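Asks: Please build the complete structure, drawing on both the sequences and the hints.
Protein chains in written order, with this note's numbering: chain A, 1268 to 1613; chain B, 1268 to 1613; chain C, 1268 to 1613; chain D, 1268 to 1613.
Hints are all accurate, no fakes.
Here chain D is said to cover these stretches of chain C; the calculated rule only asks that three of the stretch's residues, wherever they fall, bring their Cβ under 8 Å from a Cβ of chain D:
1) 1353 to 1361
2) 1378 to 1384
3) 1390 to 1399
Quick list of simulated restraints, FRET-style, between CB atoms:
4) D1558(D) x M1458(A): 40 to 50 Å
5) S1552(A) x E1284(C): 34 to 44 Å
6) E1387(B) x H1308(A): 20 to 30 Å
Hints were generated in silico from the structure; no laboratory data involved. On a predicted model such as this, the values are computed, not experimentally measured, just so you know. Note that the Cβ used here is the ideal one computed from N, Cα and C, for glycine as well.
Below, each chain spelled out in residue letters.
There are 4 protein chains.
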Amino acid sequence: MSTNRSRIRDVGVEPGELDSGEINAITDVPGVEVGQRSVVHGSHTDPPCVRSGVSVIDPDNQQNLYSDPVTAGTYVLNGYGKSIGIPQIDELGEIETPIVLTNTLSTWDVANAVVSRVLEAHPDATSVNPVVGECNDGVLNDIRGRHISADHVEDAFDALDGSAVEEGSVGAGVGTTGFGWKAGIGSASRMVDGHTVGVLVLTNTGKPDDLRIDGLKINQFVEEDTEATSAGGSIMIIVGTDADLTARQLNRVLQRTSLGLGRVGGIAHHGSGDFALGFANGRGSAISDSDLTILFRGVIEATEEAIYNSLTCSTTIEGFDGKVIEAIPLDSVKRAVASRNSSSND
Amino acid sequence: MSTNRSRIRDVGVEPGELDSGEINAITDVPGVEVGQRSVVHGSHTDPPCVRSGVSVIDPDNQQNLYSDPVTAGTYVLNGYGKSIGIPQIDELGEIETPIVLTNTLSTWDVANAVVSRVLEAHPDATSVNPVVGECNDGVLNDIRGRHISADHVEDAFDALDGSAVEEGSVGAGVGTTGFGWKAGIGSASRMVDGHTVGVLVLTNTGKPDDLRIDGLKINQFVEEDTEATSAGGSIMIIVGTDADLTARQLNRVLQRTSLGLGRVGGIAHHGSGDFALGFANGRGSAISDSDLTILFRGVIEATEEAIYNSLTCSTTIEGFDGKVIEAIPLDSVKRAVASRNSSSND
Amino acid sequence: MSTNRSRIRDVGVEPGELDSGEINAITDVPGVEVGQRSVVHGSHTDPPCVRSGVSVIDPDNQQNLYSDPVTAGTYVLNGYGKSIGIPQIDELGEIETPIVLTNTLSTWDVANAVVSRVLEAHPDATSVNPVVGECNDGVLNDIRGRHISADHVEDAFDALDGSAVEEGSVGAGVGTTGFGWKAGIGSASRMVDGHTVGVLVLTNTGKPDDLRIDGLKINQFVEEDTEATSAGGSIMIIVGTDADLTARQLNRVLQRTSLGLGRVGGIAHHGSGDFALGFANGRGSAISDSDLTILFRGVIEATEEAIYNSLTCSTTIEGFDGKVIEAIPLDSVKRAVASRNSSSND
Amino acid sequence: MSTNRSRIRDVGVEPGELDSGEINAITDVPGVEVGQRSVVHGSHTDPPCVRSGVSVIDPDNQQNLYSDPVTAGTYVLNGYGKSIGIPQIDELGEIETPIVLTNTLSTWDVANAVVSRVLEAHPDATSVNPVVGECNDGVLNDIRGRHISADHVEDAFDALDGSAVEEGSVGAGVGTTGFGWKAGIGSASRMVDGHTVGVLVLTNTGKPDDLRIDGLKINQFVEEDTEATSAGGSIMIIVGTDADLTARQLNRVLQRTSLGLGRVGGIAHHGSGDFALGFANGRGSAISDSDLTILFRGVIEATEEAIYNSLTCSTTIEGFDGKVIEAIPLDSVKRAVASRNSSSND
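Replies: If you want it as structure tokens, here you go:
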């Protein structure tokens, strides 16, 4: 198995035209922290074979979000999914808990764990709106076993941190696949006129021939054909920004994530539940709609790059039934890039 | 406590102009069954004091809904709630599990119990979309204790039955309140041109002065003022029909439930999460849009009457902190009705 | 024909519990002005028989709305209508022109007239979003003739005024019908915690038996049965407030108008295109969502009362084919009210 | 000015993996016809300089659409536009008139012309829902003059034809621009499991550096830099299929057009009103949702290719103020393609 992995910039691809943030991850957005817990134990021959996990995105420095919610929004590209918490976000335009990602069948256990945390911290709370996104990692993970526990969720919260985001086969991304390859967590950011917009994706969608990396059809540069996976699909796209947006404006930003997915070649197939969830933690001065275009561009570029990172950082994994999902071969990506560079020099 | 309760027709009110079905409940819709489990134990002085439960609405004779889904839709009047399963219904226009109602903080446990049932029945299933609606019964129930277990959900499913629906302080309605009074489960139905439309509500919204029963302002006929409750509010409106509607048509029907709530005097206050969820289990001939008006009228009338029943069938209950929520005094309702009748005879 | 008409308060009905504004019309909202032009000429025997008009609602003192838009929102209860301008309001949350009402088939002529005004005032303008709502007055008016001209629109703008609103068979309401009676323009307002919310309706929906005035089924107090009209139906509900709402909050307010229509007995039948369009012209301090409930109550009560006024102020009119639509008999309304009062005194 | 123009396939680009239809245009969909009227007269020195037009897409063989509507849907990526007719499509899931495209400020005149046609053909009609999409061609056209007349609309209807679609600077596309170049009308189609899906676009969005043609960043192959245009933007994407879809399913298809726009590099900037309008004229057997994926892929590929054609078929045009918008240089596109081919052969 390949374990020596790279972000997409390390192989020479810099998608888009805007500058990335310093870390080039959602944690570039001031106040945003990410915590992850991978749950990996057992194997094909020693069941249960668990290849799953939890990823938490905290929008506001682990402050008391329940008492002091931040502006939030949603965009549903394909609602064939189990994501929790969306109606209240749409109604109130805010979130009162961090966003948590996990596997499809652990969605409700994870929601309950988030609720437990709030109930414990707030002795008078009788209502909580947990926000949980999910992808189906059933190709690799014994998903029916619902192996994610409240302790795993606690571990992910304990790991919250504002520095570089671990990418690839980690957290909720341990067992997901994308464009026929092993995929997982990816992140990127863009500077947008004094603000930052960051994206974290959990990729689990696409077939091999669809993948374009910065316009390059990677599958044409792969030595032998990989076998396409047939997972249920889905992509969760988490967007954060410190621009002081209204929920309506934020929804406009979120809707553009589909343009980033389009650049990568995604088609949002029937079985792929594709959701964007986002927040704006800024408490500064309002942004006029006519100044949103750079945020639109930023979220598109960051979505695109985050998806690439979710692929190039992931490692080959053997699943619960012995099936192996290969990591995307970095030398193929490099060959594709080199090919273009040489031709440009003609 | 008053325990001798009546449906609204028994006190002389017949809302609307359409005929009701034989049972005058959602179970008049061919194929629809309802099962409930009340969870009542402990008391103010012997905690935990549990006043909650589970109500299940099965759209299709307990057939294999997961393999053979029925058309479904949603309408969100006030999305300040935790209802689960809505995005997938909106995307696919169908449900693959029965609809289950419970209290707010047990939403995710109940969802998990529904998922367990499907996983057990379908050894290959790796994805399930449970649909759970909720109201906050925290005025009476020790809601923070999350006392609803998977066994309770099983009991409710075991109780599924197509005959008369138990109403009032039962199932998910054990601990809810409405218009200042004890409220709970109510149901009604209407015959609509050879088809039936039925409604089951879980009422938890409204303040005393707002209540109109068939136009009568009941609070003006109450001897002493009752104390208004200040619960979080919410109403869940479940609609079923055997008309063979598309999801788009069903959504039009569901949107009209708010006109029924309007007749009762509801205002959908900020804290009241008001959702309509519905299904059309007909597999006959398509209905043209121009024939929908009688369905609109039917769902409005059935919603109105179901809310009345959720009040007049409920019984006085003492809650976890010793607070007592009174049942609506039936003699006040009767006095209001009599007053109108006498004046009409002038 | 009856011409001596009353507002609903003049016959003893005060719907709801909140105080109305001084005028009890949408013009109680600071900055709001209304201008109307009735277009009435010809007759059954001297065609064309025109019974139509234009009503303009200006949200902001006839200031330069195009350069300085105000917050706006929409709610579509029944989208079977031709209203213009909604997608841009939904996207940007603002309006850049006053809202204009007219008959269905004159919608585009009226839109063009609004555009002409903006182009003239703004020599550099190359884009305008006119907002035009409509009802089908084809029962009385020679609607196919499209008799509303740009001059009529100009006249309505010239008539803009912040004092009492002319109600009944006036402006866009000259030829509309409601609940079997002649209907038209109606207005009302409510004081809501230091702010005002006002409603102006153009009523063209409902059948006789559905009508409830403050809970009283009026048709039961009518001497002889009136003949139900079979117009296409529709109601346009224009909402204004000086509370400083976001577009998201305003949309929550607008959605509640259906609860007001419900109180009146409306069913939003298939052929009735029912739209709420609104604006918030406040530029003060933001309102928190938890303070919205009184605005919800206010808009419900004002919608209810405005519909009553649209009926009780309208006058009997003979239409293009000689058909006469009667004004609602005020003595029937008075009898209904008196009957209730006498019974309450029992 | 370059006038010798090509479709994108003629310069060696075949986007996607599905087969196109025979014509590779929306007219491959059985029953679909397109008619266009370019309105070009005057010049910079001989005003008014008119560079605009009308494009009509008829979904059903010019049959009596008003009496026999076809299934229709919408998707709004950016609602900052004046498109007419959307609320009724969303409510009823059908269209009763062909879809017509024109310039922004002629939207209402064109709508009126469509209404006139229906009124004339249907002596009893008192309600019509015209569907008009628009782009702002004010960079080249004297848009404020509103030069599109009812006769122009008639001419476009008279030109309805089911053969090859004229592309580029024609009809509503005479005066639009895209990605800094002259753009206009483009079309393409895909075969999808026994059915056809076709797309016709009116392109008016994007800046030069954003453009990717099949992944190739064309601007890097342009000899001298072109000047970016700053038009208001917008893209209208018309989708037709003979698959027998419900309106809900069609809406899922339409939403995927944004993934096609994403492949081209579009960002849906603030000022770009981006709408997809579509119809399904099939009257065969229903399609199950799980069979929609190939339709999703088809609409994405056809959208992508239609946009390319809207660029490569357009010709250089001088506008009302003397400004010249250049056609995209085909030799640059060819160089980009050749560069990739040579590198693939390395």
